Amino acid sequence: MPQVLILGNRQKEMSQPSSPYSNYIIQAEPTLHNPDNLKAGEMLLNMGPQHPSTHGVLRLEVITDGEIITDVVPHIGYLHRCFEKHAETRAYNLTIPFVDRMDYLAAMNSEHVWAMGVEKMLGIDGQLPRRVEFIRVLVAELNRIASHFLAIGTYAIDIGAYTPFLWMLRDREHIQRLLEWVSGARMLYNYIWIGGLYYDLPIGFEERCREFIDYLQPKLDEFEDILLKNKIFIDRTANIGVLPLNVAINYGCSGPMLRGSGLKFDLRRVDGYSVYPELEFDIPVGQGIMGTTGDCWDRNYIRALECRESSKIIRQCLDHLETDCKRTPDFDPQAMCPKKIRPKEQELYFRAETPRGELGYFFRATGKSDIPFRCKGRSPCFSNLSVLHEISRGCMVADMIAIVGSVDIVLGELDR
Amino acid sequence: MSYNEIKELIIARFGTEIITGENTQNPQPFLIIKTERLADVCQELFSNPQTYFDYLACITGLDNGPEAGTLEVIYNLYSIPYDHHLTLKVVTERLTPTGTLPDVPTVTHIWRTADWHEREAYDLVGINFTNHPDLRRILCAHDWEGHPLRRDYEWPEYYHGLKVRYDNHNEVNGFKGEYFKTFES
Chain B
159 MPQVLILGNR QKEMSQPSSP YSNYIIQAEP TLHNPDNLKA GEMLLNMGPQ HPSTHGVLRL
219 EVITDGEIIT DVVPHIGYLH RCFEKHAETR AYNLTIPFVD RMDYLAAMNS EHVWAMGVEK
279 MLGIDGQLPR RVEFIRVLVA ELNRIASHFL AIGTYAIDIG AYTPFLWMLR DREHIQRLLE
339 WVSGARMLYN YIWIGGLYYD LPIGFEERCR EFIDYLQPKL DEFEDILLKN KIFIDRTANI
399 GVLPLNVAIN YGCSGPMLRG SGLKFDLRRV DGYSVYPELE FDIPVGQGIM GTTGDCWDRN
459 YIRALECRES SKIIRQCLDH LETDCKRTPD FDPQAMCPKK IRPKEQELYF RAETPRGELG
519 YFFRATGKSD IPFRCKGRSP CFSNLSVLHE ISRGCMVADM IAIVGSVDIV LGELDR
Chain E
212 MSYNEIKELI IARFGTEIIT GENTQNPQPF LIIKTERLAD VCQELFSNPQ TYFDYLACIT
272 GLDNGPEAGT LEVIYNLYSI PYDHHLTLKV VTERLTPTGT LPDVPTVTHI WRTADWHERE
332 AYDLVGINFT NHPDLRRILC AHDWEGHPLR RDYEWPEYYH GLKVRYDNHN EVNGFKGEYF
392 KTFES
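Residue numbers (the working numbering), protein chains in the order written: chain B, 159 to 574; chain E, 212 to 396.
None of these hints come from the bench; they were simulated from the model. None of the values given here were measured: they were computed from a predicted structure. Beta carbons: idealized from backbone N, C-alpha and C, even for Gly. Wrong hints could be hidden among the right ones.
What the hints assert, rightly or not - Short derived list, chain B residues pointing at chain E, Cβ under 7 Å:
1) P188
2) N192
3) D194
4) Q208
5) V231
6) G235
7) K243
8) Y409
9) G410
10) Q504
11) Y507
12) G518
13) F520
14) R536
For reference, chain B alone in the conformation it holds in the complex:
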C-alpha cells in the first residue's frame, strides 16, 4: 500500500541541515497541496513514482480523509525523453524508432499513425499498394490485441487476480513472436516505413496467423468467464470510477475511455483512414451491463470486446492477403518509399486510433528541410489521465488503484 509521506512539521524538521534525519531526506519532491494547510483529519499520501500499481513511473499525490479520497494530483514527467526536441533534429524516417518508444506496448499503431501523417503531407496517401495497406492494418490490429491483453492482465493484478494475468501474457507472447517473425523485434519494431514496409510478410505467415486467430477465439471466451464475469472482479469494478460522457468529452478522453462512457466514436470509422472503410467490424460501447455506464468494468469490457473485433479485422485482412493481394515474387514493399522525404510547406494535424485512443501528430514543415520544424505528439493517455481527479474524488484508496488501472496509461507515451 502507499507509503506515507513525511507530514507537516516533521518534513521541515527532517529537511533541516541540523536534523539527525538530514542525511536521509535532503529534499522531498514538491507537492501541490501544502501539508500544513490540510483540514483536520486529512492526510497527504504519496504514491509512486515506483509503485507497482501505477504502471510505470507515475507519482500520485493523494489527499485522503480517512479512507476516502478528497483529491488526487498526478505528477508526471518522470519518463520525459524529449521526443519533440528529438523529432526537430531528425528526418521524418529517422524518427520512427522514437515513435516506437513512445507507446512501447502498441508500437505498430504509433508507427502507422506517424507514417500515415507524413504520407499525407507528401501527398502519397491512398496510392500505396493494397498489400502494404492490408499488412499494416493486420500488424496494427495484432498489436492492438497484445496491448489490450496487457492492459486487462495487469489490471487484474492491480485488483488482486494473478492467474488471468499469466494467461493473457501467455497469449500475448504468441502475438509478440508473430511480430518478431515479421520484423525482427519483439516490441519496438520499426517495421512500418513511410511509403511502405521494411519487409514483406515472411512466407507462411498468413497460415500461422490464421492458426493463432483460431486458437484465440475460445481463449477470449475463457478470459471473459474467468475474469470479466467473475463475481469478485465485478464487485471491485462495477460502479467504480464512473466517468460521465460530457466530462469525458470535455477532458478530451478518447479510445476505450470515451467508448466506455457510451459514445460510439472510433476514428477508424469516423476518419476511415487506410483500408478500414472496406473492413467490417463493430464498435463496442459501454452499456453499463454490470453497473453504471462508464465505470471501470465497462472500460475493461470494451477492451475485451475490441479484441474480438480486432480478430475479425485480422481474418478479413488475411482473406485479402491470400486472395486479391497475394504475395508475388516481384512485390517490393519498399517500392513507394521516397528516397528524400521533403514535404511542401504546410501544417498538418493527423490523428488516428491506437489502443488507447486518439493519437495525433502535429507537423510543421518548412518545405526547405527534411526535418520537421515542429512536431507535437498528442498522446491519448495524456488527456485520459487528466480526468483522474474528477472520477476518483470520494472513493476509497483501494478503488483508486482500480481507477488508475482502468485508464490504461502507458507512461512512455504520456511523458513522451
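Given chain B, put chain E in place with the hints provided.
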C-alpha cells in the same frame, strides 16, 4: 459546416478585425485570431449550436525563432456531433518588452483538456496562459530552468550536480555534423 461558413460566423459575431490572418492554401486551413479575444471566440465556437466544437484535440506551442521573434499557439478543434474541424491560431511576440513570458488567454474554463496541454506549452515553449488555474511545469522537473523547445534554448551544464551532457560521443566517434550534411538543405 465548412471552413468558410465558420469564418463568416465568427466575423458576423465579432467583426472583421478579430481575424488577423488566415491560410487557406494549407491542407487544413487555419484562422489567426487576435490574441486578447481568443477566449471569447472559443467560448462562442463551443456554445453556438451551429458550430458546437466540444472536443479540443490538441494545443501546440511553437517558437519561430529569435529572427522571426514570434510564438504561435495552435488549437485543433473538433466537433463530435457535426464531424467538422477547425484550426485556430494565435501569434504573439517571444518576449514582452519587459522580458517576461508572453501572455495568451487560457481556454481551460471551456475545455478542461486545455489544462494539461497549456501546462505543457508553458513548460516546453514558455507561454504564460493568463488565468490558468494551475500553471506549473508538467513534463520537466519543477526546478528546471528555461523552456527546452525555444529555438535559443541552451542546455544547462549541471542539474543538481549531475552533468547534463555527460558525453560527446557523436563528436568523438565520427558522427560530427554528418547527419546535418546529409539531410539539411
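field: Hints that the structure is at odds with (numbers, increasing)
entry: 2, 3, 4 and 5
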